[in-house]
Amino acid sequence: MTRVAGLLVVCTLMLTAAPKTWADDKCFSCHQSLGDRASELFPRDVHRLKGITCAGCHGGNAGIEDMEQAMSKAAGFLGVPKGDEISRACAKCHSSAERMKQYGSSLATGQLEQLQASVHGNLAASGKEHIAQCSTCHNAHGIASVKSAWSPVHPSQLVKTCTRCHANATLMRTYNPSLPVDQLEKYRTSVHGIRNSRGDAKVAECASCHGSHDIRTAKDVKSTVYPTNLPATCAACHSRADYMKEYRIPVDQFEKFSKSVHGVALLQKHDLAAPACNDCHGNHGAAPPGIASVSNVCGTCHALNADLFSASPHKKAFDERKLPECETCHGNHEIIVATNKLLGVASDAVCSRCHSETQNVKGYVVARSMRALIDSLEQGERQAVTLVEGAEQKGMEISEAKFKLRDARQARLEARTMIHSFSSERFEEVVGKGLNVASAVSVEAHEALDEYVFRRIGLGVATLVITVLVISLYLFIRRLERRS
Amino acid sequence: MWKRLYDWIDQRVQLGGLMEFMGKKYVPIHAHSVWYYFGGVSLFLFIIQVVTGILLLLYYKGSEELAFESIQFIMSKVKFGWLIRSIHSWTANLFILTSMIHMFSVYFARAYRKPREITWVTGMLMFFLALAFGFSGYLLPWNELAFFATKVGTDIPGVIPVIGKPIMVFLRGGEDVTGATLSRFFGFHVAVFPAIFTVILGIHLLLVQRQGMSEPMNAEANPHTEKKTMPFFPNFLLRDLLLWLIVLNLLAVLAVFFPWELGQKADPFAPAPAGIKPEWYFLFMFQTLKYIPGKVLFLDGEILGVLLFGFAGLLWTLVPFWDRKSNRGERNRFVTYLGLFAVIYIMILTIIGWVA
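From first to last, the protein sequence lines stand for chains A and B.
Here the first sequence is numbered in the numbering used here, starting from 1 and rising by one per residue.
Here the second sequence is numbered in the numbering used here, starting from 1001 and rising by one per residue.
Incorrect hints may have been included.
[To be verified] Stretch-level coverage of chain B by chain A, calculated; a stretch enters the list once three of its residues show a Cβ under 8 Å from a Cβ in chain A:
| hint | stretch |
| --- | --- |
| 1 | 1120 to 1132 |
| 2 | 1237 to 1249 |
[Claimed, not checked] Restraint ranges, calculated between C-beta atoms of paired labels, are given here:
| hint | chain 1 | residue 1 | chain 2 | residue 2 | range |
| --- | --- | --- | --- | --- | --- |
| 3 | A | H446 | B | K1228 | 53 to 63 Å |
| 4 | B | F1128 | A | Y474 | 35 to 45 Å |
| 5 | A | R483 | B | L1015 | 20 to 30 Å |
| 6 | B | F1170 | A | F403 | 55 to 65 Å |
Keep in mind the hints are simulated off the structure, nothing from the lab.
All C-beta atoms in this analysis are idealised placements derived from N, C-alpha and C, irrespective of residue type, glycine included.
Make a model of the complete structure from these sequences and hints.
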């Protein structure tokens, strides 16, 4: 109650006892004469420029010369706010739309709620207050507008502000020991970080991706950097043609990604195993840890394909021509589901871009034979599936053959991986395995279908025999009863 | 040759007495004689169950890991295994159906009245055993539906105060339906129940042969009217045989056109599939339990249901002892209405349960 009463007094004094001239702000003039840091910073503070005195945050009566009286409890003096009191003092105005309007501000008034719901709104190590207060990022006495270059939350300053805590291993261990503390170093290796260090305020800094007051952990589904939200977060800048104009890079990545096999898996099927932007381009750095170039990233998930490719004759040829490995055939942002169409010598096959009957002929022959083989495997598997389904629909017990179909499918998947070896022998071996399985399954399904026919014929014969027996028995009974 | 064979056996076991007894045995002929055949058909189906059950036993493995796979093997690899298994499953259902018809026909004809009280009681005990055969056999393929139906089924006795929980634990071989339940049900199905059933069936058949077929009450009431009869041997037996052949053909048709499905292997960690239902002959009880409110006065609805069915079963089994009117040869309308109510109730609730 005392605190509420105190706040009311402060508010009243702040509005009614604001000095007509700054000389009338006795708190400031006294502290200025003492030469303390607060009064040194305060003259350029955005609040002072709006007419708010020391008493606006600290309470007391700025109009009274006598220190004892001005800083008495009766005058509503609060002293130096500590812990959550800091944010509450700020929220007196910043959470009140009416109050903000009086000062001609159009700032949103939900920052405190957002802050408290954010990861920084968790309890601090002391257990008595939240981790971050307004002053943690905005400072206390020299608060500047976000647009001002000397504000600690201005794009040019924000990285340093965040790393005051986030680069401090001792402090971070208290809250989240698994969180890296080298984000700044990584960030400085990225295009964003390099441009930011040169003073480009348009490039992404911490708040661009993580948000400002409502920062959530990357594991939180509401977080702007949660895998399914991240592409949209990146697209907030990278899809804006006007914003990106000066950087002269495409702005259709998000559109292409959304249609890609990865985008569909992540954004439509919510498959978190699918990559988002950061999985290839890195989080804070220029590429994921341990990866020299984005074009090598595919191999971190598609390891077998990458290994086979590295051992194939294409590796040398691609390196010589400085062609990116996976991207050359599969594209980058718009990677579609790889079908057999990519393979072979038809006009829409990627092999035909470099191989023809007259140019790189060996590859042409291999591509043609590989395509024929994988088509035959698919056809064999399809035929086996149709036969198994047919037998199953007829009520035949064919679960073993159905189970074997998995091996045929597995062989087809292996064959598709083996394409990346670009070796006819190895490819033939895997396809052969699949064809054998498909053929064995087809034989079993055929047998089941034959058995189905046999059962019906057998039933017909049995019915005939039984009918003859029934009729004979009936006639015998009649004769017997007539005789008796 | 037949004569020589007969003489050879007759010299050793004196068949003459038996033949004389059989030759004197007559079956009454009247408007309701058709119902006599259902006892014989039930017996025939039981024999099929024994034969096909023994054949299945040659390949079936009663363990959690192998039960499903062994049935799969029987269905796909064993020569005519599919036929034996399908016939066993179809016969199980037809056996309960024909037993039910036999039971109701005996009930409505008051054939349970003195001196056939023990025949009725043994018949009822066999009927309950047939239900137990069905319930225990249903779990043996260890498929998903059977697993969850057994779970629900063994939960029901568990609600009975004091003795319910020990009964449930005894049935399951533990707190839950596991491989131990399967082993236990397998033991009951192939050893315990057949042994008991065979003894009771022996008594039942002996009594039927000893006492002959019961005549309807109105036929007995007119001792002066001429009674039509038919020699049991060979006339009635041959008619029985004719019907058995038709039933055998029906079973073959069912097995070929509607082979008994195996479904998915039971996974105790999987969620119960939607629409779990017991076998059709338990449906009326299952459906009734659904309709009873959660609490009736001071009793739990489920407990009330179990107690009601228990009481009804007991009342039905003991009908020869409380239906004194019929024993005196008087008409007892109450018994008729009670029987009609039971038939209509079972039919309606089964249909609702089936459709639901």
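Now the hints, each set against the structure:
Judged by the Cβ-Cβ criterion of 8 Å, the stretch 1120 to 1132 of chain B is not covered by chain A as claimed, because only 0 of its residues qualify and three are needed. Check result for the stretch 1237 to 1249 of chain B against chain A: holds, 8 residues qualifying (beta carbon to beta carbon below 8 Å, three or more required). At about 59 Å, the beta-carbon gap between H446(A) and K1228(B) stays in the expected band of 53 to 63 Å. F1128(B) and Y474(A) have their C-beta atoms about 36 Å apart, which keeps the hinted 35 to 45 Å range intact.
Separation of R483(A) from L1015(B) is about 23 Å and conforms to the stated range, judged on CB atoms against 20 to 30 Å. The hinted range of 55 to 65 Å is not satisfied by F1170(B) and F403(A), whose Cβ atoms lie roughly 37 Å apart.
Going through the hint list in order, the structure does not satisfy hints 1, 6.
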